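Q: Those sequence lines, one after another, are chains B and Z. Per this note's numbering, the first sequence starts with residue 1, numbered consecutively. Per this note's numbering, the second sequence starts with residue 1, numbered consecutively.
These are calculated hints, taken from the structure and not from any lab test. Keep in mind it's a predicted model, so treat the numbers as computed, not measured. There could be a bad hint or two in this list.
[What the hints assert, rightly or not] For each label pair, taking beta carbons as the anchor points, the in silico distance ranges come out as: (1) Z/M226 x B/D249: 30 to 40 Å; (2) B/T280 x Z/D82: 24 to 34 Å; (3) B/A203 x Z/A48: 52 to 62 Å; (4) Z/E137 x B/E30: 50 to 60 Å; (5) Z/D228 x B/E37: 44 to 54 Å; (6) B/G71 x Z/Q250: 51 to 61 Å; (7) B/E37 x Z/A48: 53 to 63 Å; (8) B/D281 x Z/S40: 27 to 37 Å.
[Said to hold, decoys possible] Facing chain B, according to a computed beta carbon distance under 7 Å, are these residues of chain Z, among others: (9) A14; (10) N15; (11) A131; (12) I182; (13) L187; (14) P189; (15) P232; (16) L240.
Beta carbons are placed, not taken as given, at the ideal position from N, Cα and C, and that holds for glycine.
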Amino acid sequence: MVILNLVRAVSALPDGGVVEVAIPHPGDLELARRWAERTGNTVVSASPETTGRRTVLMRRGRTPDAALTLGADRMPGARLWIYTNFHCNLACDYCCVASSPKAAKRELGADLISRLAVQAADWGVRELYLTGGEPFLRRDIAEIVGSCTAALPTTVLTNGMLFRGHGLRALQAMPRTGFALQISLDSATPDVHDSHRGAGSWARAVDGIRTATAEGFRVRVAATISAPTHGALQHLRQFLDALEIPPGDQIIRPIALQGAAPSGVRLTRETLVPEVTVTTDGIYWHPVAATDERALVTRLIEPLAPALDRVSALFAEQWAATSTATSLFPCA
Amino acid sequence: MTNPLVIGAVAYTANVVPIWEGIRDYFRDSPAEMDFVLFSNYGRQVDALLAGHIDIAWNTNLAYVRTVLQTQGRCRALAMRDTDTTFATVFVARPGSGLNGPQSMKGSRLALGSADSAQAAILPMHYLARAGIDESELEVARFNSDIGKHGDTGRSELDAIAAVIAGDADVAAIGVTTWDAIGRDELMPDALEEVWRTEIYCHCMFTALDTLPAERYEPWVKKLLMMDWDIPADRRILELEGLRQWVPPQLAGYSALFEAVAEQGVASRW
Numbered sequence: 001m002v003i004l005n006l007v008r009a010v011s012a013l014p015d016g017g018v019v020e021v022a023i024p025h026p027g028d029l030e031l032a033r034r035w036a037e038r039t040g041n042t043v044v045s046a047s048p049e050t051t052g053r054r055t056v057l058m059r060r061g062r063t064p065d066a067a068l069t070l071g072a073d074r075m076p077g078a079r080l081w082i083y084t085n086f087h088c089n090l091a092c093d094y095c096c097v098a099s100s101p102k103a104a105k106r107e108l109g110a111d112l113i114s115r116l117a118v119q120a121a122d123w124g125v126r127e128l129y130l131t132g133g134e135p136f137l138r139r140d141i142a143e144i145v146g147s148c149t150a151a152l153p154t155t156v157l158t159n160g161m162l163f164r165g166h167g168l169r170a171l172q173a174m175p176r177t178g179f180a181l182q183i184s185l186d187s188a189t190p191d192v193h194d195s196h197r198g199a200g201s202w203a204r205a206v207d208g209i210r211t212a213t214a215e216g217f218r219v220r221v222a223a224t225i226s227a228p229t230h231g232a233l234q235h236l237r238q239f240l241d242a243l244e245i246p247p248g249d250q251i252i253r254p255i256a257l258q259g260a261a262p263s264g265v266r267l268t269r270e271t272l273v274p275e276v277t278v279t280t281d282g283i284y285w286h287p288v289a290a291t292d293e294r295a296l297v298t299r300l301i302e303p304l305a306p307a308l309d310r311v312s313a314l315f316a317e318q319w320a321a322t323s324t325a326t327s328l329f330p331c332a
Numbered sequence: 001m002t003n004p005l006v007i008g009a010v011a012y013t014a015n016v017v018p019i020w021e022g023i024r025d026y027f028r029d030s031p032a033e034m035d036f037v038l039f040s041n042y043g044r045q046v047d048a049l050l051a052g053h054i055d056i057a058w059n060t061n062l063a064y065v066r067t068v069l070q071t072q073g074r075c076r077a078l079a080m081r082d083t084d085t086t087f088a089t090v091f092v093a094r095p096g097s098g099l100n101g102p103q104s105m106k107g108s109r110l111a112l113g114s115a116d117s118a119q120a121a122i123l124p125m126h127y128l129a130r131a132g133i134d135e136s137e138l139e140v141a142r143f144n145s146d147i148g149k150h151g152d153t154g155r156s157e158l159d160a161i162a163a164v165i166a167g168d169a170d171v172a173a174i175g176v177t178t179w180d181a182i183g184r185d186e187l188m189p190d191a192l193e194e195v196w197r198t199e200i201y202c203h204c205m206f207t208a209l210d211t212l213p214a215e216r217y218e219p220w221v222k223k224l225l226m227m228d229w230d231i232p233a234d235r236r237i238l239e240l241e242g243l244r245q246w247v248p249p250q251l252a253g254y255s256a257l258f259e260a261v262a263e264q265g266v267a268s269r270w
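Construct all of the structure, not just a fragment, from the sequences and the given hints.
A: Dropping the structure here:
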């Protein structure tokens, strides 16, 4: 009796747990579906008739509401990432897109970025993130930030090392409201940071944080850390506290096994909540996989709305099927 | 969290952890903060309550009765689920069995759940006796599949049902929640049908000793009763625990079990 088997199997699960139950007779699949509907459980999938072995994959409880679970600001389409360029003054050994001074620039035009910002706002995107490469290598970065911020709250990810000369003037021209800088800093002392990013980079990044703060910008600091030594995270947080970076603006994330990284967290499209990302090559599932062909959604950048619709639809399907396995990878 | 109330519960399902973590979080930063301790069986939990290791026990109806008996009534019922106020035992048989009502069960093979399950063993025999059916007039098969958990897992009731379906028993006594869980006779009308149902009685409840000061339990009970089905975070807990609303205790709903325990000589411990 399939229902007894279902009750036994599902009642042994925690909420959200999934179990495979044999379906002895063809008509029992419909019975299993009706049982699930009636008792508040969820049929995740059923094996096709052609496999010869009929089973149903049943989740205990209903599919959780993605927006409630992740937060509305983390739903696909809430954020749009734009890779302004891929070249960089640094060659970090864990860079998820393998940027470096030798990398091709692959710049998105300022006009295109401006149009994307407007299209994003029209679609319902809530925030823009400009990243690279190092966005401050672009001479027109202030113009890009201006057009983006006019459309949506915008954050620029930077290593903070170029706030001098033209870079400083560009920074000073950027808006103080609706705009934030996210500066990378991996440790409270130069050793770890410089070992990944190059000698002297820590001191210049800290100078950059101080400069941006003094100029009146909201500054978030993001650390990319694989295996922190005992006390390292606490030390970093204390250091950032001393720089007057609010706790909510201190972001610590692991190294992803992407781009130049020889090791790190293995991420797949199936286990990653999407954050739609535009590069010169097309639209990708997530910024951490912006050079990974497996994460390519479409080569067509404009119009933007169909890609946002598609990612949302794909995520809805994915969430229904594997929400227990889907995880956030917070880049910001 | 300073001096939180400590609530005991029995780990009868993997869901117990998210349920109690959710309840603990619900009370966080309130005047009645709490923590919880899980036990493997109700006997151990009642022992812990009597020993003062926990302040409040989330008891089954039998665990409550045993607490009353072991303390000579020096305990206090605090709250229960709305669904605990309308519990009942359902007798199910194969369609066409000819069974209908208690008198028809004379001479039948009755499958019962675990011996310490109020709904699947103790109360069915009590209500049958009140209807004039003595155990000697039945061929009773007991499935003691989850002894210690007072039938909470539902496993012994599923075993009793399986015996009926397999033809090894004529009728099974199960809790109304198990009957609901298998879709009553609506999903599979050809497999089982309800042939009798007891009057309603009460099931689980929070129990404290009467030595727990009112200023300790009253804020906790007050906040518990405020848990709201329309608030998503609250609703998740309520759904997992199987209720829509916490309600004040209804002690009259336990009188049948007190009588049954006395009649059947059920031990006041374990």
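Q: Now, for every hint given, state plainly whether the structure supports it.
A: These are the hints, each one checked on the structure:
Judged by the Cβ atoms, the range 30 to 40 Å given for Z/M226 and B/D249 holds: they are separated by roughly 35 Å. Range check, B/T280 to Z/D82: Cβ separation about 60 Å, and the 24 to 34 Å hint is violated. Range check, B/A203 to Z/A48: Cβ separation about 59 Å, and the 52 to 62 Å hint holds. In this structure the hint that Z/E137 and B/E30 lie 50 to 60 Å apart at CB is violated, the actual value being about 41 Å.
One distance hint, 44 to 54 Å for the beta-carbon pair Z/D228 and B/E37, is violated here, with the actual separation near 26 Å. A C-beta distance of roughly 40 Å is found between B/G71 and Z/Q250, which places it outside the suggested range of 51 to 61 Å. The hinted window of 53 to 63 Å between B/E37 and Z/A48 is violated, with their beta carbons roughly 40 Å apart. The hinted window of 27 to 37 Å between B/D281 and Z/S40 is violated, with their beta carbons roughly 57 Å apart.
The closest approach between the C-beta of Z/A14 and any C-beta of chain B is roughly 4 Å, which is under the 7 Å cut-off, so the hint is satisfied. Below 7 Å, beta-carbon pairs count as interface contacts, and Z/N15 has one with chain B at about 5 Å; its hint therefore holds. The interface hint given for Z/A131 is broken, as the beta carbon of that residue sits about 28 Å from the closest beta carbon of chain B, more than 7 Å. Evaluation of the Z/I182 hint against chain B yields a held restraint, the C-beta minimum of about 5 Å falling below 7 Å.
Contact between Z/L187 and chain B, as hinted, is supported at the beta carbon level, the nearest pair being about 6 Å apart and thus within 7 Å. Given the 7 Å rule on beta carbons, the hint for Z/P189 is violated: about 11 Å separates it from the nearest Cβ of chain B. Because the closest C-beta pair between Z/P232 and chain B is about 6 Å apart, less than 7 Å, the hint holds. Nearest Cβ of chain B to the Cβ of Z/L240: about 6 Å, under the 7 Å cut. The hint holds.
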